[in-house]
Amino acid sequence: MAIPHLRDAAQPVPTGTDLRPEPGSFRDPANQVFHAGQDVLRALDETAAAHWRALAGSDFFPPLLATGKVCGTEELPPGTAPERWAAMLRHERIPFVSHPYEWSFAMLRDAALLHLEILRAALPAGFTTKDGSAYNLQWRGTDPIFIDVGSFAPLREGEPWAGYRQFCQTLLYPLLLNAHIGVDFQPWLRARIDGIEPDQMGRLFRGTRRLLPGVLTHVHLHGSVQRRNAGRSTAVVREQLRDAGYSRELALATVRGMEKLVRRLDHQPPESHWVDYQRTCGYSEDDRATKERFVTAALASAPRRRLVLDLGANDGRYARLAARHAGYVVAVEQDPAVVDRLYRTLRGEGERRILPLVMDLADPSPGGGWRGRERASFAARTGADTVLALALVHHLAIGRNVPLPEVISCLTALAAPGGRLVVEFVHPEDPMARRLLANKPDGIFPDYRRDAFEALLAAHGTVEQRLELPSGSRTLYQVALGG
Amino acid sequence: MKHLAYLDAGSGSLIVQAVVGGIAGVAVAAKLYWRRLVSRFRRQPTDQS
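From first to last, the protein sequence lines are chains H and D. Just so we're on the same page, my numbering is the position in the first sequence counted from 1, plus 4. Just so we're on the same page, my numbering is the position in the second sequence counted from 1, plus 15.
What the hints contain is simulated information worked out from the structure, not anything from laboratory work. Computed from a prediction, not measured in an experiment: that's the story for all the values here. All C-beta atoms in this analysis are idealised placements derived from N, C-alpha and C, irrespective of residue type, glycine included. Some hints here could point you the wrong way.
Away from chain D, derived, C-beta distances all over 10 Å, residues of chain H [said to hold, decoys possible]:
id, residue
1, ALA110
2, ALA129
3, TYR287
4, GLU378
Across the chosen pairs, the derived CB separations fall in these ranges [to be verified]:
id, chain 1, residue 1, chain 2, residue 2, range
5, D, ALA42, H, ARG385, 44 to 52 Å
6, H, ASP364, D, ARG55, 26 to 34 Å
7, D, ARG55, H, PRO128, 35 to 43 Å
Under 10 Å between C-beta atoms, here's a sample of chain D residues computed to sit facing chain H [what the hints assert, rightly or not]:
id, residue
8, GLY25
9, SER26
10, GLY27
11, SER28
12, GLY36
13, ALA39
14, LYS46
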């Protein structure tokens, strides 16, 4: 089968001791993801291997692969699977792994819709997915991709979707929270790997909120039926449902209903300070043009251009610029409303090489799940060839009281060894810096000075380029890190 | 079909899917509850005897 998007499919497969188990892949004992060099591999037991072959031979699955909705997958020759496994798959490599609590509302909604679309395609063909987690999805720029190929299994007639509860907890409820009551879902998902429980949701949706779309059934009824049936095993209930006439058509109707509901959910965030930041942040046209030329030159001359990290990306002006010179750009911004706007714009433009993410750099995603390793921390996932930190340092150093040496250490640690940092220093006398300093006691940041900043940069690498913007209150640096 | 249901789907989460599936689904759920009720009454005399 021709596999689209699969990186260097002709590459030989490292085996045996080269395999590193993926810490987030252990819940389903039928398959296990491994890393080997740059390869992402999935080992399957005998049952899972049989399911994979049935899937590869089905009518619905190859089109999902061909359109990139499911991550590129091929089966490796017999004998490549390690002991105890029956078959081995190689997957397309996701350019940058992200977690649902780093996505904006529209991203989570599009991810949910793709999950449902895939299930709707699978059911008539006699397949289902064993689970329904938001972690089944990743991104190729602004395109969601279903990555959990091991989740497909033959449908057992008369059985509802085993992944429904997970879908509710990790996708539907977070969306309801944002769409119906304007509460950002990201902290909830970050705090609970299994998502939000129906009972917790029920407490937030009392009174007339019960009547909001999807709430009465998927939240309240779901919670109440769950409580009443807590003592009954799922095997018994499956049998009872089958006897009562539950059918594949009903399962399809449920999926269609959920698709309709999710498509209707929307969230228009209130205007925040950051949404209008580019217009209000006080750059002259001359400053802006000079800055763009500097950043372009730094990106175009970078020795490696696989991954660029744009920190404090705001409206994505520099992320877009970076995408012209790099393979992939991750645009990080703390305000979910700003990221949502950026995502919708990029998606509308058909931009497929910029991934916008919600994250506060002063509180980056920690490791999560089992032993804190099931979901890798942001720091463990980076290793960018170039880190852009434009109009950012003063927000961390003054706005968040992070000592300047710590700020520089953090920025350099996000780059791969030998990477490049493009950073802007806003002088203490700049209007934006003064606005931030006005909220703090006088003299609290004696080290927030250009000379101190330059000494720190020199300690982390070689300053290759330096340019003061025409306004005279901001300086840009291009730093080759290490050495 | 071992390992197919590695996840605890939740008994309530299975039943509620019938209800959200429309009128035909509600009928399935009603049938399930009716059968449970009937089987409870059927068992009782047997228990007493």
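| query | Checking the smallest CB distance to chain D, is H:ALA110 really beyond 10 Å? | reply | It holds; H:ALA110 is separated from chain D by about 24 Å at its closest Cβ, greater than 10 Å.
| Whether H:TYR287 stays farther than 10 Å from all C-beta atoms of chain D, as the label says | The claim holds: H:TYR287 sits with its nearest Cβ about 51 Å from chain D, beyond 10 Å.
| request: State, for the Cβ atoms of H:ASP364 and D:ARG55, whether the hinted interval 26 to 34 Å holds or is violated. | output: 55 Å, violated
| query | Given D:GLY25 was flagged as interface, is its beta-carbon under 10 Å from a beta-carbon of chain H? | reply | 4 Å, holds
| query | That 35 to 43 Å hint for D:ARG55 and H:PRO128 (C-beta), does it hold up? | reply | Once the Cβ atoms are compared, 37 Å apart, the range 35 to 43 Å for H:PRO128 and D:ARG55 holds.
| request: So, D:SER28 near chain H? Judge it on the closest CB pair being under 10 Å. | output: 4 Å, holds
| message | Checking a non-interface call: every C-beta of chain D should be farther than 10 Å from the C-beta of H:ALA129. Is that right? | response | 16 Å, holds
| So is H:GLU378 really clear of chain D, every C-beta pair being over 10 Å apart? | 15 Å, holds
| Under the criterion of a CB-CB separation shorter than 10 Å, is D:ALA39 in contact with chain H as hinted? | For D:ALA39, the interface hint holds, since the closest Cβ of chain H sits about 6 Å away, which is under 10 Å.
| At a threshold of 10 Å, is the proposed contact between D:GLY36 and chain H supported by beta-carbon distances? | Holds. Min distance 4 Å.
| field | Evaluation of the interface hint that places D:GLY27 against chain H, nearest CB under 10 Å | value | 3 Å, holds
| Proposed interface contact between D:SER26 and chain H, which counts if any beta carbon pair is under 10 Å | Nearest chain H Cβ about 4 Å off; hint holds.
Comparing the model with each numbered hint stated earlier shows that hint 6 is the single one that does not hold.
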